[in-house]
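Number of protein chains: 2
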Amino acid sequence: MRKVALIGIGQTIVSEHWEKSLKELAGDAILDALMDAHINDFDSLFIGNMMSASANKQQNIGAYIADWVGARGSESIRVETACSSGSAAFRAAVLAVASNEVDIAIAAAVEKMTDSPNAEITANLATAADADWEASQGVSFVALNALLMQRYLYEYNWDHSNFAGFSINAHKNALHNPHARFHSELSKEQYISSPVICDPITLMDASPIGDGAAAVVLVPYDSIKAYGHQKIISVAGSAAASDTIAVHSRKDPLWLSAAEQSARQAYSQAGITEKDIDLFEYHDAFTIMAALSLEACGFAARGKAPNLALESKLQLTGHIPVATMGGLKARGHPVGATGMYQIVEVIQQLRGEAGKNQVNGAVFGMAQNIGGSGSNVITHILTNEN
Amino acid sequence: MRKVALIGIGQTIVSEHWEKSLKELAGDAILDALMDAHINDFDSLFIGNMMSASANKQQNIGAYIADWVGARGSESIRVETACSSGSAAFRAAVLAVASNEVDIAIAAAVEKMTDSPNAEITANLATAADADWEASQGVSFVALNALLMQRYLYEYNWDHSNFAGFSINAHKNALHNPHARFHSELSKEQYISSPVICDPITLMDASPIGDGAAAVVLVPYDSIKAYGHQKIISVAGSAAASDTIAVHSRKDPLWLSAAEQSARQAYSQAGITEKDIDLFEYHDAFTIMAALSLEACGFAARGKAPNLALESKLQLTGHIPVATMGGLKARGHPVGATGMYQIVEVIQQLRGEAGKNQVNGAVFGMAQNIGGSGSNVITHILTNEN
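These protein sequences, in sequence, are chains A and B. Each residue of the first sequence is one higher than the last, beginning at 81 in our numbering. Each residue of the second sequence is one higher than the last, beginning at 81 in our numbering.
Rather than coming from a laboratory, the hints here were simulated on the basis of the structure. Computed from a predicted structure; not experimentally measured. One or more of the hints may lead you astray.
Identical copies go unnamed one by one, so any copy, or any two together, can satisfy a pair.
To be verified - Simulated crosslink set (DSS-like; lysine-lysine; CA at most 30 angstroms straight-line):
no.	residue 1	residue 2
1	Lys268	Lys305
2	Lys83	Lys384
3	Lys100	Lys331
4	Lys100	Lys137
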């Protein structure tokens, strides 16, 4: 494939954006990315989004947003894989540029959730699960994660309080990220006394939804000289894999096989192992997902992921820094846009532009975005080593 | 780009499939395509669908359907561009195989509409238009097309009855297509006496919705010897373009600029002109769209498309055969799946497997799929000349 370079990034704050519409949020991120890339136009827009059909009564948002940003005529398609829609759009853009058919692509993702009543958001999120055998039984998305966490605590003999480190680390890293939803430290006492949402998941295990958009400009690596950029980040690995959509269909519900498969494929493409990964933007929608993805990607042995948090190995200066800009837990989780935030944050780190959150000397950064309860997982490895 | 070959096709009848679910319909088409291709497995599934979020309370249908067809582990993403979702999924699959990153791709598309009440379908279809400035004003999708047709009749001095040929031709061609929704001829008298839906559009100007699924297997052209196929169809052109999402934003509402742009780009990729196209699967969601796309693609001068129907130039033995298996009007329009039906039908023609509907000696076949009121248009040219 043609090597793909990433020359522009943009993102809005994750928040409750009462004053901005879906297209305005997406437009803000896209225009920032274009300015960052020093370009005015593009060929193709790949946009990730999960719930605009119901939350915003708008589909066809590719054309809707291309029109808004003044890119009439450009190709414009929407990509959706539930909670991993953002990285699915990024991957579609990578493949398009790699194919030689598209020369300048925008990968963007947007979600505008907070206009909807909470019950509707819960119902919308449940469409990521199996409508026939999970959602139709009344199982919400948090309930599916609670079942997994309950089983994890039982099988591996952990106490709920042992998961505190995941959320504490995320909140600490968000403090200096101006685009994060939360800017408040979390103490262990606060974690432990946090109200239960769905036993054993508490409020402080769960990531907050929100409104937000992020965007990346992609061009062929061999064309970057034309743009005059200094720090060029490129795609070293891009892989996607699926698992059964219903959790109960899995022989081993505590193993995210699609996370393992896509991570292994991405390592192989990049010619590295997990030991070479300098930072990992993981999908900590719930602390249990953080633990399971660390294990599936090879950073912790089976059932041992909470040790990484207990031993402070997940911090910016630790063995494997995660959620370096706050993660889903504290940067926020605007569902279909989250995967693009992860990519943008990895680029910030690899450019050395992460400010107080900088992981020193980072060469390989990984982002893993999980759709459904592990049913649709997409892993990217980016690098500044060219 | 790596040349892409199409080695398997599958499709269900377009109908009211009360006995089949969304995944069963998609599975039937995908399994037929795999059998036709003589393969058992694939790397990536690209699925086109418009309205499963609301009509079926299911998103993440990539993983949902990959799971159902026994392809656990494979990449699985959904692509959505409203009414052109089917061809957008096909194009995503083309780019994936062309990029060298995917070796066996399934492009599939499915829509299961008839479980929903009619009012809900109308509201869902309106999400293809501009939510802010069209749908929110109460304009339905048929109303937007009626405004265009009204203007067309006025500007170019046609009578509504002059559009009869488009629908008569479609119904005639559907007679021998076992997958078509309708198998009844339409007379000019029936067309003229058909009830008005939204003046001047009558029931016989409009395509019927329906449930259905279609699928295509894509592999690199240089690998086809491994599969032992005789008649190999390949992708000669693939192009997508957008226009303003709201019709009122266009300087010239009677010119489908995205249809023109994507068709011209596809001609250029294939190294041909419209004169070399042997058959054209156009997007006759309404007869006005049939006329406008014939003009945008260069088959008729501006304002003159009805002449082609009046002079019988659109028939199977005519100057430019269209809707050769019944088109949207009579094969049916399962919205997000329609684009994949068009691709499957072009392949049937180029293989010489179109039975009584065969266009003799066809070498180049074109499919054009229109999302929104011309806001998101995707054009493909396929060929059996390799």
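Verification of the hints:
1. Lys268 - Lys305: neither (49 angstroms within a copy, 62 angstroms between copies)
2. Lys83 - Lys384: Answer is neither; intra-copy 37 angstroms and inter-copy 47 angstroms both fail.
3. Lys100 - Lys331: between (44 angstroms within a copy, 27 angstroms between copies)
4. Lys100 - Lys137: both (15 angstroms within a copy, 27 angstroms between copies)
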